[in-house]
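Participant: Residue numbers (this note's numbering), protein chains in the order written: chain Z, 1 to 283; chain W, 1 to 357.
Read the hints as simulated data drawn from the structure, not as lab findings. As the structure is a computational prediction, the values presented were derived from the model and not from experiment. Wrong hints could be hidden among the right ones.
As the list claims (entries may be wrong) - Label pairs and their computed distance ranges (CB to CB):
id: 1; chain 1: W; residue 1: G136; chain 2: Z; residue 2: W266; range: 54 to 62 Å
id: 2; chain 1: W; residue 1: Q133; chain 2: Z; residue 2: W266; range: 50 to 58 Å
id: 3; chain 1: W; residue 1: K167; chain 2: Z; residue 2: G17; range: 31 to 39 Å
id: 4; chain 1: W; residue 1: G136; chain 2: Z; residue 2: T5; range: 50 to 58 Å
id: 5; chain 1: Z; residue 1: W72; chain 2: W; residue 2: R132; range: 44 to 52 Å
id: 6; chain 1: W; residue 1: V301; chain 2: Z; residue 2: L113; range: 43 to 51 Å
id: 7; chain 1: W; residue 1: S236; chain 2: Z; residue 2: I116; range: 33 to 41 Å
id: 8; chain 1: Z; residue 1: R184; chain 2: W; residue 2: A119; range: 40 to 48 Å
id: 9; chain 1: W; residue 1: G136; chain 2: Z; residue 2: T183; range: 24 to 32 Å
id: 10; chain 1: Z; residue 1: V19; chain 2: W; residue 2: G136; range: 37 to 45 Å
id: 11; chain 1: Z; residue 1: R13; chain 2: W; residue 2: E308; range: 56 to 64 Å
id: 12; chain 1: W; residue 1: K177; chain 2: Z; residue 2: L209; range: 37 to 45 Å
id: 13; chain 1: W; residue 1: R132; chain 2: Z; residue 2: V92; range: 30 to 38 Å
As the list claims (entries may be wrong) - Facing chain Z, from chain W, some residues (calculated, C-beta under 10 Å):
id: 14; residue: I77
id: 15; residue: Q82
id: 16; residue: S83
id: 17; residue: L86
id: 18; residue: Y87
id: 19; residue: D91
id: 20; residue: I110
id: 21; residue: P152
id: 22; residue: F330
Where is the CB? At the ideal position from N, CA and C, for every residue including glycine.
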Amino acid sequence: MARRTSPRRRLARLGAGLVLALIVLWSFGPILVAMLSSFKNQRDIFTYVPTLIFEPTLDNYRLLIDEWSSFWRSLGVSVIATIGAAALVVLVSLPAAYSYSRMARPAVALSALFLIGVRMFPPIIITIPLFPLFTGIGLTDTPVAVILVYAAFQVSMSVLLLKVFLDGVPREIDEAAMLDGATRLQTFFWVTLPQIFPGIAASIIFVALFAWNDFLFAFLLTGTNSKTAPVQIAEMLGAVGEGGVTWGTIFAASVVQLAPILIFVWLIQKPLLRGFAGAPAKG
Amino acid sequence: MAGIEIDRVSKAYDKVRVLRDVSVSIPDGTFVALVGPSGCGKTTLLRSICGLEEISDGEIYIGGRQVTDLPPKDRDIAMVFQSYALYPHFDVQDNMSFSMKLAKAPLTAIAAKVKHAGAILGLLPLLDRLPRQLSGGQRQRVAMGRAIVRSPKVFLFDEPLSNLDAKLRVQMRKEIKQLHQRLRVTSVFVTHDQIEAMTLADQVIVMNAGVVEQIGAPLELYDRPVSPFVAGFIGSPAMNILDATVSAGDGPPQAVLATGDRLPLPEGIEVADGTAIHYGVRPEHFGTGPADGGLRAEVEVVEPTGFETFLYCAAAGGEICVRSTDRLAFAPGDPVGLRPDLAHVHLFDAGTSRRLN
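Full structure from sequences and hints, please.
Facilitator: Spelled out as structure tokens, the structure:
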């Protein structure tokens with residue numbers, strides 16, 4: 001018998017679709033405006049009835065390349081800060097998560113509370129004291145400063161996330177490897193680690209999104225020489241009124257800043273979702 | 001190959017003692033089943049042998065070598081887990097060869113071993129598959145293949161058949177037995193299924209609450225259980241065990257049940273008058289007859305199965321199971337007299353739980 005959907009269910013599905021469409025429009029709308037505007041002439045950007053059909057131009061991008069080397073430098077800093085933070089977080093979280101998952105003792109478990117507690121602080125409260133601290137050790141205005149801060153903020157989340165994934169890898173698989181003659185380290189790298197790649201990917205995404213988009217910490221800790229892209233774009237925004245920059249250039253800069261992370265997340269989402277849904281490794 | 005000596009091994013988690021002074025000697029090449037109810041310590045004992053569990057006290061020898069403080073990888077042991085514990089990201093071939101790769105064996109030797117084990121277990125067409133692409137029985141075989149490839153001194157099996165369906169379980173049971181007959185490697189097999197233990201093992205170790213109750217050949221356990229626990233655990237349906245008191249009276253001593261029913265004792269038994277005993281009779285060792293002789297009972301359920309017929313009777317304040325290869329013509333509600341076969345009565349001291357005859 002063919003399966004028929006009742007009118008009621010069809011209505012419910014339509015409603016759900018509408019809600020989803022609204023959410024997508026809500027979050028993607030501004031991005032769409034920025035993207036479209038980056039290909040528009042200056043005069044088309046602010047017409048009262050937005051022009052949807054226009055002759056696309058690359059002038060804004062050309063201008064960005066020719067006159068804004070500072071933007072590209074800041075983009076480079078962003079890349080360094082993001083990769084650095086993600087690498088540092090994964091490097092630090094993996095051993096921690098492994099300990100929480102495989103060597104749980106009461107004291108160890110208690111320290112997890114501390115990890116969560118750290119996240120409850122409003123970030124700004126610790127940012128101000130960080131400034132003299134970093135100045136003292138000569139880290140302000142270097143990418144290392146933001147890498148450390150991003151990592152410090154994201155490490156707790158990442159540890160807990162990776163612990164969940166490690167918990168999903170049956171201990172018996174570890175034990176089988178040990179009986180097969182592997183040391184604990186060999187077991188971890190050859191047997192356990194490959195099971196939690198989706199978890200590592202998820203951690204990287206969280207850190208990367210945070211580091212790539214952060215404005216606050218970068219603004220406070222990297223004043224002139226190692227501005228990240230969001231700080232740079234904000235500065236450009238400030239210069240609009242003085243005629244130093246056009247809106248088109250700013251939109252172009254935003255799109256360039258947005259593109260890498262968008263592409264990255266898009267590429268990684270499939271294996272990531274598979275990892276979340278399938279749960280790691282059933283022997 | 002090697003025998004295993006377990007010498008006064010104890011294991012305690014905080015204050016819970018899961019193993020108490022366990023001493024077992026497993027001769028080289030034998031197949032031993034560790035059996036008992038869940039929580040009796042059988043899996044803990046197995047994990048202690050392979051070193052996944054540290055013991056609190058005692059010593060373990062494999063092939064004459066002290067291994068008590070050695071890590072699992074240095075004990076030369078292979079284990080088949082209940083969940084198989086295959087490496088999900090390795091194909092069958094890599095699962096089987098992992099141990100040899102770790103030992104840095106030459107590639108040609110690895111290939112030869114994998115092929116040999118694969119041929120024994122019928123895995124050759126599956127070598128390139130991942131574990132998730134295999135059925136339960138095939139995974140089970142890969143887990144055994146992984147153990148065989150290592151040519152270990154000892155095989156350990158931790159309830160390896162409990163995740164299989166009934167039919168496959170019987171088949172794999174047979175294959176494990178054939179494998180042992182072929183390789184003759186000392187094997188320890190943990191199970192809670194007494195049929196599995198009886199059919200597979202040369203020697204069965206019955207454990208209860210962290211102690212070894214009895215060690216013996218399967219039929220020895222069946223014919224002469226040393227305690228009411230073993231008597232009740234081995235055999236299905238379980239042995240009927242009745243509480244009674246020995247009463248000398250005028251004639252030969254008899255067992256008097258709480259209901260006042262009297263059962264004869266086997267000849268030559270010397271038990272003091274008034275001793276509290278457990279009177280055990282297996283279902284097949286009750287004869288049936290008219291209600292005025294033997295233990296008075298009332299038939300509750302009749303189960304004809306073809307070869308045998310089971311009677312469940314209300315008697316002596318409880319239920320008694322009778323098994324007969326005669327096609328008994330009873331109906332529910334019929335009165336019946338149950339007569340124990342005195343050559344097969346098991347008597348236990350209720351105080352010490354030890355066998356009396």
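Participant: Evaluate each hint against the coordinates.
Facilitator: Each hint tested on the structure:
Under the hint 54 to 62 Å, the C-beta atoms of G136(W) and W266(Z), about 38 Å apart, miss the expected range. Between Q133(W) and W266(Z) the beta carbon distance is about 29 Å. The supplied range of 50 to 58 Å is therefore violated. With their beta carbons about 48 Å apart, K167(W) and G17(Z) fall outside the hinted range of 31 to 39 Å. Checked against the hint of 50 to 58 Å, the pair G136(W) and T5(Z) fails, with Cβ atoms roughly 36 Å apart.
Our hint of 44 to 52 Å for W72(Z) and R132(W) holds, since their Cβ atoms are close to 46 Å apart. Between V301(W) and L113(Z) the C-beta distance comes to about 58 Å, which lies outside the given range of 43 to 51 Å. For S236(W) paired with I116(Z), a C-beta distance near 52 Å fails the hint of 33 to 41 Å. At about 34 Å, the CB distance of R184(Z) to A119(W) disagrees with the hint of 40 to 48 Å.
Our hint of 24 to 32 Å for G136(W) and T183(Z) holds, since their Cβ atoms are close to 31 Å apart. The supplied range of 37 to 45 Å is met by V19(Z) and G136(W), whose beta-carbon atoms lie about 43 Å from each other. A hinted range of 56 to 64 Å holds for the C-beta pair R13(Z) and E308(W), which are about 59 Å apart. Under the hint 37 to 45 Å, the C-beta atoms of K177(W) and L209(Z), about 58 Å apart, miss the expected range.
For the pair R132(W) and V92(Z), the beta carbons lie near 32 Å from each other, so the given range of 30 to 38 Å is met. For I77(W), the suggested interface contact is upheld, since its CB lies about 6 Å from the closest CB of chain Z, less than 10 Å. A least Cβ separation of about 8 Å between Q82(W) and chain Z falls short of the 10 Å threshold, and the interface hint therefore holds. Look at S83(W): its Cβ gets to within about 5 Å of chain Z, closer than 10 Å, so that hint holds up.
Of the supplied interface hints, the one on L86(W) holds, with its beta-carbon coming within about 5 Å of a beta-carbon of chain Z, less than 10 Å. Evaluation of the Y87(W) hint against chain Z yields a held restraint, the C-beta minimum of about 6 Å falling below 10 Å. Restraint check, D91(W) versus chain Z: the minimum CB separation of about 13 Å is more than 10 Å; hint violated. Proximity of I110(W) to chain Z is violated relative to the hint, the smallest CB-CB distance being about 13 Å (cut-off 10 Å).
Here the hint on P152(W) is kept, as its CB sits about 9 Å from the closest CB of chain Z, short of 10 Å. Checking F330(W) against chain Z by beta carbon gives a least distance of about 50 Å; that is not within 10 Å, so the hint is violated.
Hint violations for this structure: numbers 1, 2, 3, 4, 6, 7, 8, 12, 19, 20 and 22, all remaining hints satisfied.
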